[in-house]
Amino acid sequence: MKNWLTPKSTAGIMLIAVALAALPFVVGMAGQAWVRILNFAILYVFLALGLNIVVGFAGLLDLGYIAFYAVGAYAWALLASPHFGLHWSIWAILPIGASCACIAGIVLGSPTLKLRGDYLAIVTLGFGEIVRIFLNNLNAPFNITNGPQGITLIDPVSFGGFKLSGFTPIFGFPVSGPQKYYFLLVALAILVIIINLRLQHSRIGRAWQAIREDEIAAKAVGIDTRNLKLLAFAMGASFGGIAGGIFAAMQGFVSPESFSLIESVMILAMVVLGGMGHIPGVILGAVLLTILPEALRYGVGPIQKLLFGKQLVDPESLRMLVFGLALVLVMRFKPAGLWPAPERKRELAEGAK
Amino acid sequence: MDIFLQQIINGLVQGSIYALVALGYTMVYGIMGLINFAHGEVVMIGTLVTITVAGSLLKAGMPALLAGLGGLSASVLVCMALGWGLERIAYRPLRNAPRLTPLITAIGMSIILQNLAMMIWGRNYLTFPALLPKIDFEVAGVNFSAIQIIIVLVSATTMGGLLLLVYRTKLGMAMRATAQNPAIASLMGVNINRVIAAAFIIGSALGALAGVMVGSYYEIAHYQMGFMLGLKAFTAAVLGGIGNLAGAMLGGVLLGIIEALGAGYIGDLTGGFLGSHYQDIFAFVVLIIVLMFKPSGLFGEKTGERA
Numbered sequence: 001m002k003n004w005l006t007p008k009s010t011a012g013i014m015l016i017a018v019a020l021a022a023l024p025f026v027v028g029m030a031g032q033a034w035v036r037i038l039n040f041a042i043l044y045v046f047l048a049l050g051l052n053i054v055v056g057f058a059g060l061l062d063l064g065y066i067a068f069y070a071v072g073a074y075a076w077a078l079l080a081s082p083h084f085g086l087h088w089s090i091w092a093i094l095p096i097g098a099s100c101a102c103i104a105g106i107v108l109g110s111p112t113l114k115l116r117g118d119y120l121a122i123v124t125l126g127f128g129e130i131v132r133i134f135l136n137n138l139n140a141p142f143n144i145t146n147g148p149q150g151i152t153l154i155d156p157v158s159f160g161g162f163k164l165s166g167f168t169p170i171f172g173f174p175v176s177g178p179q180k181y182y183f184l185l186v187a188l189a190i191l192v193i194i195i196n197l198r199l200q201h202s203r204i205g206r207a208w209q210a211i212r213e214d215e216i217a218a219k220a221v222g223i224d225t226r227n228l229k230l231l232a233f234a235m236g237a238s239f240g241g242i243a244g245g246i247f248a249a250m251q252g253f254v255s256p257e258s259f260s261l262i263e264s265v266m267i268l269a270m271v272v273l274g275g276m277g278h279i280p281g282v283i284l285g286a287v288l289l290t291i292l293p294e295a296l297r298y299g300v301g302p303i304q305k306l307l308f309g310k311q312l313v314d315p316e317s318l319r320m321l322v323f324g325l326a327l328v329l330v331m332r333f334k335p336a337g338l339w340p341a342p343e344r345k346r347e348l349a350e351g352a353k
Numbered sequence: 001m002d003i004f005l006q007q008i009i010n011g012l013v014q015g016s017i018y019a020l021v022a023l024g025y026t027m028v029y030g031i032m033g034l035i036n037f038a039h040g041e042v043v044m045i046g047t048l049v050t051i052t053v054a055g056s057l058l059k060a061g062m063p064a065l066l067a068g069l070g071g072l073s074a075s076v077l078v079c080m081a082l083g084w085g086l087e088r089i090a091y092r093p094l095r096n097a098p099r100l101t102p103l104i105t106a107i108g109m110s111i112i113l114q115n116l117a118m119m120i121w122g123r124n125y126l127t128f129p130a131l132l133p134k135i136d137f138e139v140a141g142v143n144f145s146a147i148q149i150i151i152v153l154v155s156a157t158t159m160g161g162l163l164l165l166v167y168r169t170k171l172g173m174a175m176r177a178t179a180q181n182p183a184i185a186s187l188m189g190v191n192i193n194r195v196i197a198a199a200f201i202i203g204s205a206l207g208a209l210a211g212v213m214v215g216s217y218y219e220i221a222h223y224q225m226g227f228m229l230g231l232k233a234f235t236a237a238v239l240g241g242i243g244n245l246a247g248a249m250l251g252g253v254l255l256g257i258i259e260a261l262g263a264g265y266i267g268d269l270t271g272g273f274l275g276s277h278y279q280d281i282f283a284f285v286v287l288i289i290v291l292m293f294k295p296s297g298l299f300g301e302k303t304g305e306r307a
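Chains S and R supply the protein sequences, listed in that same order.
Counting in the working numbering, the first sequence runs from 1 upward without gaps.
Counting in the working numbering, the second sequence runs from 1 upward without gaps.
The set of hints was computed from the structure by calculation and includes no laboratory data.
Be careful, since some hints might not be right.
[Claimed, not checked] Listed next, the in silico DSSO-like pairs over lysine-lysine satisfying Cα-Cα at most 27 angstroms (straight line):
| id | chain 1 | residue 1 | chain 2 | residue 2 |
| --- | --- | --- | --- | --- |
| 1 | S | Lys-219 | R | Lys-59 |
| 2 | S | Lys-114 | R | Lys-294 |
| 3 | S | Lys-219 | S | Lys-114 |
All values derive from a computational prediction rather than experimental measurement.
Generate coordinates for the entire structure from the input sequences, incorporating the hints supplied.
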């Protein structure tokens, strides 16, 4: 790590920085909708990297990750909306949301520590469903979550008086809401990437890897498997909570519908499709799986018209069909993901012999 | 007391459907350690095929019973083909892949099947044709219908048949051997590919049967119906100890009864704070509690952590 700031790498980092800074304005020319999609891609990078800690590093199959995202989103929605008349500052809400999610992670993690892979998967899945059902029904007898209608008019992120929604002229150039959120999201994503990178080869990261590969052996060499598994759950959950808060603020609206099982599954698919445990792979998976369905949304209709002269099948279902097919095909031809970690690839090659 | 018995009956009916679907999950899991997430969609397609076939047979003037049998056999055949195709196309190439790979494939297949169904049958709720006469009985203050009795009897018989197949035939022996150790089983001359395909085909046939039952019980079907049903059935399989046939059956029935009782009594128990729309959480709450004390399900074999 000492000599990583060579002239070559500095130039590379500068180049990436410039590209990242210019991206929302370039994409913005195609319409603000695309900037929004870009923002979601980054939000999913954040979520996928959070889940990567649990699934990729520690090897705990979590199918209810979206519950923590929901906890964060609802924490923001309740503390910064007219629903309870509270309008707290981001510096209060984001830590509260993250700690609520973290506590939820520990609550889920502690009774399930004994469970093996697939049993853990179904329990986490059930937990996610329980959270969603409660969000859906906690409007009576006390109205806490406003039920299926969800909570509207949520405050946007603001730093002091600087709001991240609506147009603001910066140097005489109007910068849109999504474009401002983009920079916040990129900053958060860079933060989570750095945390992931630093964790990976740290003492904790290596201990997680040991648990993932062989829990009994890990225990035998003196790793505190219980606390480390809980730590993985808690850390993953906190990231989910932060992402949820930003999601609520960005959308201005939350409802239980956004937190269904299919969302958990999608985030897991991002991690696995990209290359479990490999940070660049996970980023790639998240970006691809966010952009692909959206690109298909715009592409499927016109292509059908071009080929057959008319709309043969409902574009919405065709889009999802292509998406499902893409998942199956990638797994068929790249079983370890699109961009797996080098050591993983080697193991697989040896296993195939 | 009447409510109690009534809910037990309702739960038993719902539970036998869960049990049939759970068997499909547990057979595949027991043999190859795969959660076949697409199984719920197979059940859904079973229901929808029955609606189409039985509906058109009825329209052609066939008596209801024959139309029903026609629909049932069509849906069983379609689902068997579907199960076989799933295994052959999607899962077989991944047999040596990392553990999570087939899971993502299963999710992909589930998305594909759901959207195919939506293209074929549309987004709207479909009405299941009335195939069985509506007869209601009342015994000791408890109501039940002919359909409910048929559902319980048919699933009990089918499950008995399955147990005979697995424990009394050569194919069953091959299945159990493969479940224990595929490599050794294949050394003993078991054709692993055929055994796995058989597990998928049998599981899907049971799923189709369950699909027909769900359809005739609730009289309504939808392209998304497979999701929650599959989830509950999978929960039932895990509750009983996944990979264990008797466990899946008992887990299914137990889950059905717990849900029915829970929905019937939650309002009283919580002083009206939680209503019956919390019905869906019972399955998961019970599952979590059971797994806390018995980490491999109620009837799961005590396997070491390295299993």
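Item to check | Pair hint outcome, Lys-114/S versus Lys-294/R [Cα-Cα no greater than 27 angstroms] | outcome: holds (10 angstroms)
Next on the checklist: Hint check: Lys-219/S vs Lys-114/S, CA-CA at most 27 angstroms. Holds or violated?
Outcome noted: Status holds; Cα separation ~13 angstroms.
Checklist entry - Hey, Lys-219/S versus Lys-59/R, does the alpha-carbon distance stay inside 27 angstroms? => result Roughly 67 angstroms separates the two Cα atoms, so the pair is violated.
Hint 1 from the earlier list is the only one contradicted by this structure; the remaining hints agree with it.
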